[in-house]
Amino acid sequence: MPHAAQLPAGAPAILGEVRPASLPRAQLVGHGRGFSWITEKICGIAEEKTPPWWWWCFGVACVIASFTVAGLTYLVSTGVGVWGHRSPVNWAWDIVNFVFWIGIGHAGTLISAILCLLRQKWRTSINRSAEAMTIFAVVCAAIFPVFHLGRIWYSWFLFPLPNSNIVWQNYRSPLEWDVFAVSTYGTVSVLFWYVGMIPDLATFRDRFAAAGRNMRAKIYGVFAMGWRGSARHWSNYEMAYLILAGIAAPLVLSVHTIVSFDFAVSLLPGWHTTIFPPYFVAGAIFSGFGMVLTLALPLRAVYRLEDLITQYHIDCMCKITLATGTMVGYAYAMEFFIAWYGANPYEGFAFINRAFGPYAWAYWIMVTCNVVTPQFFWFKKVRQCTWLVWVLSLFVNCGMWFERFVIIATSLARDFLPSSWGYYSPSVVEIFTFFGTFGVFSVLFLLFIRFCPIMAMAELKAVTPQAIPDAGHAPPGESPHG
Amino acid sequence: MPGTRPPENPPMAEKTYGLIATFDTPGALLRAAERVRDAGYRKWDCISPFPVHGLDAAMGVGRSHVPRFSLAGGITGFCTGMVMIWYMDKFDYALSVGGKPFFSPLFAFPVSYELTILFTAFATIGGMFLVNGLPMHYHPVLKYEHIRRGTSDLFFLVIERADPRYDAENTRALLEGLGGREIAELEG
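Just so you know, the sequences run in chain order A and B. In terms of my numbering, the first sequence is residues 1 to 482. In terms of my numbering, the second sequence is residues 1001 to 1188.
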């Protein structure tokens, strides 16, 4: 059957058998809301007059973002020495912040790609905002390595563009791999986000046109590409979306793998470990889900989206946070075990130094936030208490920042020669530059809330019970949108 | 009301793109699509606010050709990565770094892998637009006054006049028999 052929290999035959299991299915859209309710709700957010709270938040976010602008301007006009890097720690907050932001982005791709392939239908409520989060996080991440170059007007040297020195990039370096990984990641994330948004932009176009707001109808119309909801288009669209999900899944895994290669390929004790790629990926997803919760819960409260982001969605996100947090905890333990079992005195020292050396405070903050915090999500009572989930998600974000700090700073500050040991402290400029990136992120996210469809309306409609055509006509398969 | 316009008006018929019928539920659309398919129509389409499960089969739409573009993009991307790195680091300006080989598919792999994904993404999206004939901002269907709800909560079925089996009266009767309401002519 042509439709069945579109499903992933091996799936259709068995899905027909498995589906009717009498497990209770969680209602993904509360109160049996219908198609037009979903359209009204999501479009209403962009159509209404800009609420005062938005302006307040936007103003505050702009002020915070200006810290980054000021910090970077000072850095470019003065030199990279305005950051606290001193030998032996020549690489600290910039790479910490870079990995932190990139990691946050990964949950967006996980939700849109991997959960799509796994047919987790609950992703439809949160995938759009999580993808937006990914893109904005990549923007914040990219700031740090580029400005760490100091002379940013040379940053194009990172890319294989012909230059007057004739020399090309060194492709034996993981840092060059990282350039390709992160720029591909950013590009594909934007494409994935945009393609997912086309049908919803068409809805916006039609709604604004109906309301006589022609300027916005035209702008949305240009981006909607003349989408008209044709079934023949949907067929190709769903295939394209499935393929994008299929390639974004290995992409997200490869990006953080390559980010971890930045460290793992070096010979430094504490960095030179084979556990890094899976450990970094788990940590990235952990931190990303922390950030998704941090963003989605206030959004749900402000716009009264309880029927779309239900308790079931929060449960799912909490459970993934719990699972990945526990994996991260396992990785911490395994690193210590291998440091001992590997019998390399330098490696052993690096880890004892991590837990009990000058940065022990950071290490124990990390363990508390990343290993202890998610364990609260075992309890249903905790998962049902929205404000507590939100507070715990902040701890997750905080802990994952410290994880990167611990890995980077402790290993560098105590290198092979005790005579060169040092202690790294960030400068004020560095602190403000990093703090400001939260403003940059918020500015972008607030603009997204205001001007884009914050939830995938077409996908949400497709997972409502009303969307299922009467039995006996449709094949038992599902849309690849999951 | 476009629905009450006499369909046998010859000057109108010349400019007609086809007939459009409205359906309220995905189930009704699906049943109608099966019957239109079985009636032997070729040039017709359904409009829905979301992909209706099983509609492809009900319409007799085959497997999408988009994956061919993806495959071509992926192969191009991988080869681009490998050839680029070989050209730059071995052929054009061989730079010795730490005594490592000038070229090896192993260290060229991560970059080639990323380029595979990058090119696949562009090819998939480009292919999707190409196959769908988008962007197309002016389409006869978009001129229909109620079509705006096709991106919100209503379902439509369009049969084109260009279809060899199209006949203003019979086709209208078919759509009426399928439970379509507000059957209207689309301007060409």
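The set of hints was computed from the structure by calculation and includes no laboratory data. Check each hint, because a few of them may be wrong.
To be verified - List of simulated lysine to aspartate or glutamate pairs, EDC-like, C-alpha gap at most 20 Å:
1. B:K1015 / B:D1167
2. B:K1043 / B:D1153
3. A:K41 / A:E430
4. A:K41 / B:D1167
5. B:K1143 / B:E1187
6. A:K218 / B:D1163
Stated by the list, open to error - Only some residues are given here: those of chain B computed to face chain A with a beta carbon under 8 Å:
7. I1047
8. T1080
9. M1082
10. V1083
11. S1096
12. G1099
13. F1107
14. A1108
From the three backbone atoms N, C-alpha and C, an ideal C-beta is built for every residue, glycine too.
For a C-alpha distance cap of 20 Å, please report whether A:K41 and B:D1167 respect it. 41 Å, violated
Taking only the CA atoms, is the gap from B:K1143 to B:E1187 under or equal to 20 Å? 7 Å, holds
Grab the minimum C-beta distance from B:G1099 to chain A and call the hint holds if it beats 8 Å, violated otherwise. Hint violated; B:G1099 Cβ to chain A Cβ min 11 Å, cut 8 Å.
Check whether the Cα positions of A:K41 and A:E430 lie no farther apart than 20 Å. With Cα atoms ~41 Å apart, A:K41 and A:E430 exceed 20 Å; violated.
So, as I understand it, the hint says B:A1108 touches chain A; can you test that by seeing if any CB pair is closer than 8 Å? With a closest approach of 6 Å, the B:A1108 hint holds.
Once the shortest beta carbon distance from B:I1047 to chain A is found, is it less than 8 Å? 5 Å, holds
Pair hint outcome, B:K1015 versus B:D1167 [Cα-Cα no greater than 20 Å]: This hinted pair holds, its Cα atoms lying about 14 Å apart.
Answer holds if the nearest beta-carbon of chain A is closer than 8 Å to that of B:F1107; otherwise answer violated. Holds: closest Cβ of chain A sits about 5 Å from B:F1107, inside 8 Å.
Next pair to validate is B:K1043 with B:D1153; report whether the Cα-Cα distance is within 20 Å. Violated, at roughly 24 Å.
Using 8 Å as the Cβ threshold, decide whether B:V1083 counts as touching chain A. Cβ of B:V1083 sits 12 Å from chain A, so the hint is violated.
Are B:M1082 and chain A close enough, Cβ to Cβ, to be under 8 Å, as the hint says? Check failed: Cβ of B:M1082 comes no nearer than 10 Å to chain A, outside 8 Å.
Decide if the proposed pair is consistent with the structure: A:K218 and B:D1163, CA atoms, cutoff 20 Å inclusive. 32 Å, violated
Checked against the numbered hints above, the structure violates hints 2, 3, 4, 6, 8, 9, 10, 11, 12; every other hint is satisfied.
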